[in-house]
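Chemist: Sequence:
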Amino acid sequence: LHAVKVLFRHPAYENEDKAVTLALASGEEFAAQHMPKDGVWIVEVDADAGLDRPYRDVRRIIISHGALR
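Quick note: the sequence shown, position 24, residue 24 per the working numbering, numbers continuous.
Just so you know, these hints were derived from the structure itself, not from any lab.
Treat the numbers as computed from the prediction; the structure is a model and nothing was measured.
Heads up, the beta-carbon is just placed ideally off N, CA and C, and yes, glycines get one too.
Treat each hint with caution, since some may be false.
Said to hold, decoys possible - Using C-beta positions, here's what the derived DEER-type ranges look like:
no., residue 1, residue 2, range
1, R59, E28, 17 to 27 Å
2, E28, R53, 30 to 40 Å
3, H2, S64, 32 to 42 Å
4, G50, Y13, 12 to 22 Å
5, Y13, R69, 16 to 26 Å
Claimed, not checked - With a straight-line Cα cutoff of 16 Å, these simulated EDC-like cross-link-like pairs (lysine to aspartate or glutamate) come out:
no., residue 1, residue 2
6, K18, D48
7, K5, E28
8, K18, E28
9, K5, D46
10, K5, D38
11, K5, D57
12, K37, E14
13, K18, D46
14, K37, D17
15, K18, E44
16, K37, D57
17, K18, D52
18, K5, E29
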């Protein structure tokens, strides 16, 4: 992996959206310190993995009491 960007999108409140660029932590592991508020989020991951097309994954998650559900 060369670069990883994550966008946390709140489905109802655009002003809550947060883009995070992950930094190389160790080896091939990327990390950042960001915890979205409790609620439903759409998480978009875009990674440059040296492929013809960037890797992309989009998931809906729920954060409750500061933990992923």
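Chemist: Among all the numbered hints in the text so far, which are the ones the structure does not match?
Modeler: 2, 4, 6, 8, 10, 16 and 17
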